[in-house]
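Engineer: Each chain is listed here by its residues.
Protein chains: 4
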Amino acid sequence: MLKAAVIGASGYTGAELLRILWGHPHMDVCVATAGQYAGVPIGELYPSLALHYPGKFEEYDRGVLDGCDLAFSGLPHGESMKVVADAVSAGVKVVDLSADFRLPAAEYEEWYGTAPPAPELLEEAAYGLTELCREPVSKARIVANPGCYPTATLLGLAPLAKAGFLEGTVIVDAKSGISGAGRKLTLATHFPQAADSISPYAVDGHRHLPEIWGRLEDMADEKLNVVFTPHLVPMNRGILSTMYVDLSGRDSLSNIRTLYDEAYGDEPFVCMLSPGSYPQTKAVQGSNNCQIAIDAARGGRTLVVTSVIDNLVKGASGQAVQNANIMCGLDEAAGLAGPALFP
Amino acid sequence: MLKAAVIGASGYTGAELLRILWGHPHMDVCVATAGQYAGVPIGELYPSLALHYPGKFEEYDRGVLDGCDLAFSGLPHGESMKVVADAVSAGVKVVDLSADFRLPAAEYEEWYGTAPPAPELLEEAAYGLTELCREPVSKARIVANPGCYPTATLLGLAPLAKAGFLEGTVIVDAKSGISGAGRKLTLATHFPQAADSISPYAVDGHRHLPEIWGRLEDMADEKLNVVFTPHLVPMNRGILSTMYVDLSGRDSLSNIRTLYDEAYGDEPFVCMLSPGSYPQTKAVQGSNNCQIAIDAARGGRTLVVTSVIDNLVKGASGQAVQNANIMCGLDEAAGLAGPALFP
Amino acid sequence: MLKAAVIGASGYTGAELLRILWGHPHMDVCVATAGQYAGVPIGELYPSLALHYPGKFEEYDRGVLDGCDLAFSGLPHGESMKVVADAVSAGVKVVDLSADFRLPAAEYEEWYGTAPPAPELLEEAAYGLTELCREPVSKARIVANPGCYPTATLLGLAPLAKAGFLEGTVIVDAKSGISGAGRKLTLATHFPQAADSISPYAVDGHRHLPEIWGRLEDMADEKLNVVFTPHLVPMNRGILSTMYVDLSGRDSLSNIRTLYDEAYGDEPFVCMLSPGSYPQTKAVQGSNNCQIAIDAARGGRTLVVTSVIDNLVKGASGQAVQNANIMCGLDEAAGLAGPALFP
Amino acid sequence: MLKAAVIGASGYTGAELLRILWGHPHMDVCVATAGQYAGVPIGELYPSLALHYPGKFEEYDRGVLDGCDLAFSGLPHGESMKVVADAVSAGVKVVDLSADFRLPAAEYEEWYGTAPPAPELLEEAAYGLTELCREPVSKARIVANPGCYPTATLLGLAPLAKAGFLEGTVIVDAKSGISGAGRKLTLATHFPQAADSISPYAVDGHRHLPEIWGRLEDMADEKLNVVFTPHLVPMNRGILSTMYVDLSGRDSLSNIRTLYDEAYGDEPFVCMLSPGSYPQTKAVQGSNNCQIAIDAARGGRTLVVTSVIDNLVKGASGQAVQNANIMCGLDEAAGLAGPALFP
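Protein chains in written order, with the numbering used here: chain A, 25 to 367; chain B, 25 to 367; chain C, 25 to 367; chain D, 25 to 367.
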């Protein structure tokens with residue numbers, strides 16, 4: 025069994041790592057750290073884990089990485105980069121779930137307001153949208169795990185981007201369950217404010233926008249205008265990304281279906297829905313799966329791609345384990361292959 | 025007090041009419057009919073109305089319209105047109121909440137698969153998106169009450185359309201609470217299927233599309249490509265319409281704000297949100313209000329308009345009463361002015 | 025129009041007072057104060073009120089009471105008693121929605137850990153469970169508005185208590201929507217923790233227990249063992265109280281129904297459901313109504329009483345207005361008579 | 025690998041069996057039958073299973089049992105007994121998730137209105153509340169899997185019953201997520217009726233009452249008065265049972281804790297919460313776990329036991345697999361040991 029450290033384990037993505045790794049056939053969690061909750065029994069914060077993790081959250085110290093085979097960092101951006109540096113210097117492979125290694129230096133500074141990590145670490149970090157980046161991930165010491173919105177969106181648009189079918193404006197209207205906002209208390213995520221209601225937010229620019237925009241332009245090898253509007257939906261988990269692409273006769277719907285089938289036919293976690301079916305977030309709840317549908321809007325000029333993931337699994341901790349599996353030479357699906365919880 | 029008949033009162037829009045009219049200072053419900061539930065106490069089907077309507081649903085017969093000042097029809101499309109014809113021949117003004125008088129004949133047949141109502145009735149019916157149609161509504165014997173999605177969307181886009189700022193493709197990504205699907209049992213609206221999940225539907229063409237598309241082209245006096253994707257959101261009430269318009273430098277955001285302020289500054293039911301605020305459906309729950317925000321997406325080429333209503337009030341029964349008030353020469357806001365229920 | 029001050033208007037009960045009073049035919053809100061939010065536009069905190077209250081929350085100062093006919097205090101316990109004292113000395117009638125005047129001095133200190141208000145004020149305050157206390161409320165300068173759980177529970181049990189049918193143990197298993205916990209952020213009311221889940225809390229003693237226990241013993245004129253277990257339910261509003269009373273052949277179910285019908289037959293806000301029907305919280309959402317059902321459990325020895333209210337209306341702000349109406353000699357139902365919002 | 029047949033696989037408990045068995049290390053699903061959906065791809069009805077079960081639901085015929093090692097029946101009561109008879113005659117062990125073998129003949133007829141199955145089959149069926157019945161289950165050809173409410177309730181009360189601490193009246197106030205009502209469409213489970221609302225039902229007698237009552241009396245070896253009130257809670261999964269037992273000084277709370285710790289200390293799926301903690305349904309979502317808390321109500325005369333399970337797992341399909349594991353001589357926890365999905 026490989027030994028995995030979960031650094032920053034008290035947030036939702038950290039707890040989800042503990043949940044997933046518990047069932048992993050080749051990895052064991054050797055330490056789970058938490059800042060404010062160091063010394064607190066894991067089962068006190070997460071009664072769902074009480075039977076499985078009888079121990080306590082520990083305090084982080086670079087020494088906890090000694091003897092580990094790999095580390096996951098679930099720390100917030102800004103804090104995470106230090107742990108990543110520790111891991112690299114300790115010779116421990118690391119998957120970073122924060123935003124610290126996802127963006128080029130200039131963009132990081134623009135969107136996060138602080139200097140990015142040491143340039144050489146940033147340079148060597150592999151972006152970990154697994155289906156699109158297996159080769160660099162397999163060789164990386166550092167993997168920057170993608171954001172939840174970018175995961176759903178880029179998986180939905182990659183076949184089009186690579187085929188040269190994206191140009192001009194791409195509209196991404198995304199909807200997220202409220203766990204995506206994390207465990208931190210805010211008025212917007214207070215039950216009486218959020219329940220039974222939907223609202224957009226960050227319309228003028230969300231931090232996941234540059235990640236989506238940049239990766240799309242890279243794949244399309246073209247300048248684009250990417251519009252991204254996130255919404256908060258009264259549900260626990262799940263992201264639905266609804267994407268609008270101008271196709272103006274560039275190709276037939278059935279040819280585009282073929283494009284997607286070829287791209288994802290052999291993927292263990294991506295499922296193309298048959299014509300006339302549309303995805304729902306609950307169908308991937310608790311799983312590492314992504315379900316995608318494509319259809320033409322009435323009139324035929326606009327292609328509508330819809331894509332769902334569980335934001336905490338394929339959008340965070342599940343994909344992190346998927347990347348770790350590849351980094352460690354394991355079966356990519358190890359510990360991740362189970363069905364979603366429905367209903 | 026004017027006497028109002030509510031025909032088709034057992035569905036959600038019918039019950040909402042009963043709720044609203046109970047508090048109306050100048051209208052009384054003189055009869056409430058229901059097909060399958062004729063003879064059933066109103067309070068048995070809707071315990072929320074038990075103290076206010078101690079009587080029973082009655083069977084419809086054209087005689088029930090005798091002595092009424094006006095009628096509301098909450099019947100399904102196809103059935104409603106007969107009641108409208110009865111009302112006209114009985115000299116009773118009528119607001120039709122179905123789709124029977126919303127579309128030109130050819131489009132009606134295309135989307136509903138049956139012949140539209142008698143051409144002369146269709147011709148004289150006024151479309152009742154109140155804020156945009158006061159003049160024709162004030163003179164009409166028949167008002168076609170708009171669909172819920174069109175109401176949220178057209179209020180959101182009207183100032184742009186009239187200013188000539190719409191051209192090319194207009195994307196409408198709309199989200200609805202589940203009461204919008206009505207009281208009829210379906211798998212998609214069964215709690216365990218719908219709760220804690222979001223999904224798109226009718227991506228290739230929803231029946232509200234031609235209503236949106238046609239009215240927008242009329243206002244814009246231009247051919248458009250309107251894309252409309254509805255989604256089912258796990259909440260009871262509310263519609264959020266997120267709309268994307270290519271502005272490519274056509275005007276500044278602040279000028280566009282002025283456009284909206286001028287259009288809606290005096291409206292009793294439309295509220296423009298201040299810059300940086302975005303609407304949430306719960307803020308209009310149970311009210312006849314519409315809240316609208318406009319913002320530019322990062323990059324500045326795309327305008328994002330977001331608009332919320334309560335689908336059963338401004339999107340159906342509230343707007344029907346608003347239209348009836350105008351048809352009867354009453355204060356337009358009579359019975360409708362109260363605040364939303366929050367949280 | 026009478027002039028009403030709403031002190032502590034930024035919490036949920038305060039905002040609900042603003043909502044209700046807006047539609048009151050004989051009262052106007054002349055000032056709405058808030059501590060931390062003084063100076064903030066009301067519509068910014070509550071967009072649902074933006075069109076109705078264009079002003080700002082003001083800072084509290086005893087001078088704001090000058091010229092008022094009555095005051096409502098939505099402040100937390102401990103803070104509220106000072107405002108009540110100010111009101112009394114200014115000659116302004118006051119309804120206190122906090123716990124400060126609900127309990128005898130000794131019990132207040134036991135459950136709230138601080139000294140109760142000035143004994144003479146406490147003594148003169150009338151307990152305001154309206155249906156049971158009209159006489160004292162009509163003469164009072166201070167009304168202690170009941171807690172939400174006690175309102176649902178005492179209305180459910182009063183006819184039995186007065187008839188001498190309560191003895192021994194009375195079990196109260198109560199369920200509340202999450203707005204009952206207020207606007208303050210806590211982990212238990214964070215959406216991802218609370219949604220799609222139910223849990224009990226304060227099993228060993230909730231602050232509403234002495235209020236229920238004391239009033240029941242007063243009515244029954246008997247020592248009782250009252251057990252009260254509150255639960256947090258994933259919904260916005262509503263309380264359901266399920267009550268278990270040992271009847272051991274003390275009387276027939278139909279005689280007990282008669283007892284309830286006599287008690288509540290003329291009440292404007294209490295509705296007895298017919299045999300075989302059970303209440304649901306949504307049927308009273310947004311209304312001042314209470315719906316009650318009684319039934320015998322299989323075996324016939326235990327009576328099960330179920331009672332629902334909207335915690336923010338009949339359980340707080342609605343009942344406060346009902347009491348204020350009586351204190352001011354108005355129609356008790358003024359501003360409160362409308363139906364619930366369903367669905 | 026053992027071969028398992030899932031008969032009646034299209035309902036929620038059937039689909040949950042498919043989900044659980046997919047991850048079982050020693051069992052494979054060899055056939056999944058469904059009446060109305062025979063011939064339909066499994067992934068069409070349950071997109072969550074599309075990647076895992078590429079086949080179709082088959083039509084039931086006793087021949088499908090040939091070559092199977094065991095069968096699960098997820099059919100409704102009345103239909104299930106025929107499949108159980110087929111299984112027995114084919115020499116296939118069977119776990120029946122319906123009510124057909126849970127009750128003595130006379131009670132079955134009283135509550136289900138039809139004759140019970142062949143007396144000799146009924147006699148040999150073992151009741152499968154696993155923690156309490158391992159011995160008979162291990163020897164049985166037929167296991168009657170308990171109802172969801174009885175599972176949560178009996179696990180909560182068993183230690184008291186066996187210690188002779190139950191007498192007189194036992195109150196069970198139970199709350200269930202809506203998946204407990206199954207996949208069949210009803211008005212009560214239509215989203216707009218059920219969401220954001222709680223209600224009791226079947227107060228005068230639910231079909232799970234005789235199962236609870238009988239087993240409790242058996243364990244307590246005493247006549248009891250068991251009162252059981254189920255409630256519908258707006259959540260997908262989960263049962264919370266809140267139980268009230270009169271202890272009148274029979275023993276101290278800490279001794280009772282010891283009783284529970286002894287009863288459940290070695291159980292893999294039952295977790296006693298520490299004093300002051302209370303269970304929430306979400307903490308067991310998707311898992312086979314049961315979490316129990318005990319506390320004394322203020323006054324000390326009444327013990328309050330709270331117990332949570334996932335109704336579809338420990339309350340149905342998970343416990344069915346747990347029983348099947350024992351019947352087949354496997355590790356009881358095989359395929360069931362994973363943590364819950366939280367949040």
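Hints are computed from structural coordinates only; laboratory data are not their basis. Keep in mind the model is a prediction, meaning the values are calculated, not measured. Any given hint could turn out to be false.
[What the hints assert, rightly or not] No farther apart than 25 angstroms at their CA atoms in a straight line, the calculated lysine-lysine pairs in the PhoX-like style are these:
hint, chain 1, residue 1, chain 2, residue 2
1, B, K27, B, K106
2, B, K208, D, K208
3, D, K186, D, K208
4, C, K208, C, K80
5, C, K80, A, K208
6, B, K106, B, K186
Engineer: Please go over all the hints and tell whether each is borne out by the structure.
Structural biologist: Evaluated hints:
For a cut-off of 25 angstroms, the pair hint linking K27 (chain B) to K106 (chain B) stands: about 20 angstroms separates their Cα positions. The suggested pairing of K208 (chain B) with K208 (chain D) holds, with an alpha-carbon distance near 14 angstroms, which does not exceed 25 angstroms. At most 25 angstroms may separate the alpha-carbon atoms for a hinted pair to count; K186 (chain D) and K208 (chain D) exceed this at roughly 38 angstroms. Proposed proximity of K208 (chain C) and K80 (chain C) is supported: the alpha carbons are some 20 angstroms apart, at most 25 angstroms.
Distance hint between K80 (chain C) and K208 (chain A) is unfulfilled; the C-alpha atoms sit about 29 angstroms from each other, more than 25 angstroms. For the hint pairing K106 (chain B) with K186 (chain B), the CA-to-CA distance comes to about 35 angstroms; that exceeds 25 angstroms, so the pair is violated.
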